[in-house]
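**Student:** Sequence:
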Amino acid sequence: MKKLIAILLSLVMVLGLFAGCGAQKEAPATEAPKAEAPAATEAPAAEPTYMEKLIADAQAEGTLVVYGSCEEEYLAVACEKFQELYGIEVQYQRLSTGEVQSKVEEEAGNPSGDVWFGGTTDPYNVCAAEGLLEAYEAENASHLLGEAYRDKDGYWYGIYKGILGFMVNRDELDRMGITVPQDWADLTKPEYEGLVWLSNYNTAGTAKLVINTMIQKYGHDEGIQYLVDLDKNVHVYTKSGSGPSKNVGTGECVVGIGFLHDGITQIVDNGYGNIELVIPSSGTSYEIGATAIFKGAKHPNAAKLWIEFALSPDCVNLAQDNGSYQFLVIDNATQPAVATEFGLDPENVMDYDFEDAKNNIKTYIEEVMTALGGGDDRFKTE
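Just so you know, we're using the numbering used here here: the sequence shown kicks off at 139 and counts up by one.
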């Protein structure tokens, strides 16, 4: 009996232990504390590029004043495009290169304009030598077709190239029974007396190029003598280099000396199919149409931005759609096909000495005017 009681007590103790274990609850699992995310930091703002800063600085100035020596239609649309792109008010005036040169010389470092656009480089070089232009190293100059199309110190940059030649009215020559002149020497022949038009040596860069071309072609004394002989046949000296071309189609001018792209304008845009273009058979020279900043410009950043614009397709591709068919001198521009259709070749020109022209053109003009007896009413600039 005692043995049975002991067994029963043992069973009660075991069952108590199991009951105690079943009643014990498992402690809830705890999550590991989450690491705090690092506070977000803003990436440093990128430094503005040179062009971005230049545009902002130019816009802060708000205005640009342009003196243009290219044709007015091209000048106007280029200025409008600049204003549209950058929101900068553009004021412009069309003047011959000689007029611009005289104006900035009179203003003596306190110019009323900011930039010069278009026209031959001979007057630009004179102004650079006189300290009237501001040197600027343009980023877009990397697109120029060669070093010949810029001033080595950055005083001017080329935007186009034009070939010097003759524009003749075939109908008038046929009526007179006179043959079309083929070379420079022909223009001094008696049959062309009173038929030739040329621009004024005192006002037009084109005429200054003619002086330099004749001196480089024939030699100093012979070149000046050629211009004296030519003067006997010149009826009118126009203020602007494009002046002769504008009167050939009407017959008022029978033989005009000037840039052949101006003749193309008269044929293509104005419908004068009676005009013939002549590239002188013994060779001719060419202009580089340029752009530059005036020393002391009131809006220097807008002026620099203009140079970058002028060396871009945004500007130069406007020319051929606005009556200007010069060859372009930047590698990302679209060349005017019509120029080659008329047989013009920008490489078929003499090796023009720009340094001689730059250093001596003022003296050459004085010598030519002296040789012509001081000139007459045809050379008046007013």
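Calculated from the structure, these hints are not laboratory results. Among the clues, some could well be false.
Claimed, not checked - The calculated EDC-like cross-link candidates involving lysine to aspartate or glutamate, where the alpha carbons are at most 20 Å apart (straight line), are:
| hint | residue 1 | residue 2 |
| --- | --- | --- |
| 1 | K436 | E227 |
| 2 | K241 | E199 |
| 3 | K518 | E244 |
| 4 | K191 | E244 |
| 5 | K191 | E275 |
| 6 | K370 | D407 |
| 7 | K355 | E505 |
To be verified - Cβ pair distances, simulated, as ranges:
| hint | residue 1 | residue 2 | range |
| --- | --- | --- | --- |
| 8 | G434 | Q197 | 35 to 43 Å |
| 9 | A475 | E285 | 34 to 42 Å |
| 10 | D452 | F492 | 37 to 45 Å |
| 11 | K518 | G284 | 21 to 29 Å |
Glycine is no exception: its CB is placed at the ideal position from the N, C-alpha and C atoms.
**Student:** Does each hint hold? Answer for all of them.
**Tutor:** Right, here's what the structure says about each hint:
1. K436 - E227: 14 Å, holds
2. K241 - E199: 23 Å, violated
3. K518 - E244: 18 Å, holds
4. K191 - E244: Roughly 33 Å between the alpha carbons, so the hint for K191 and E244 is violated.
5. K191 - E275: 16 Å, holds
6. K370 - D407: This hinted pair is violated, its Cα atoms lying about 32 Å apart.
7. K355 - E505: 17 Å, holds
8. G434 - Q197: 35 to 43 Å: 21 Å, violated
9. A475 - E285: 34 to 42 Å: Violated: the Cβ-Cβ distance is about 27 Å, outside 34 to 42 Å.
10. D452 - F492: 37 to 45 Å: 27 Å, violated
11. K518 - G284: 21 to 29 Å: At 39 Å between Cβs, range violated.
When the structure is compared with the earlier hints, violations turn up for hints 2, 4, 6, 8, 9, 10, 11 and for no others.
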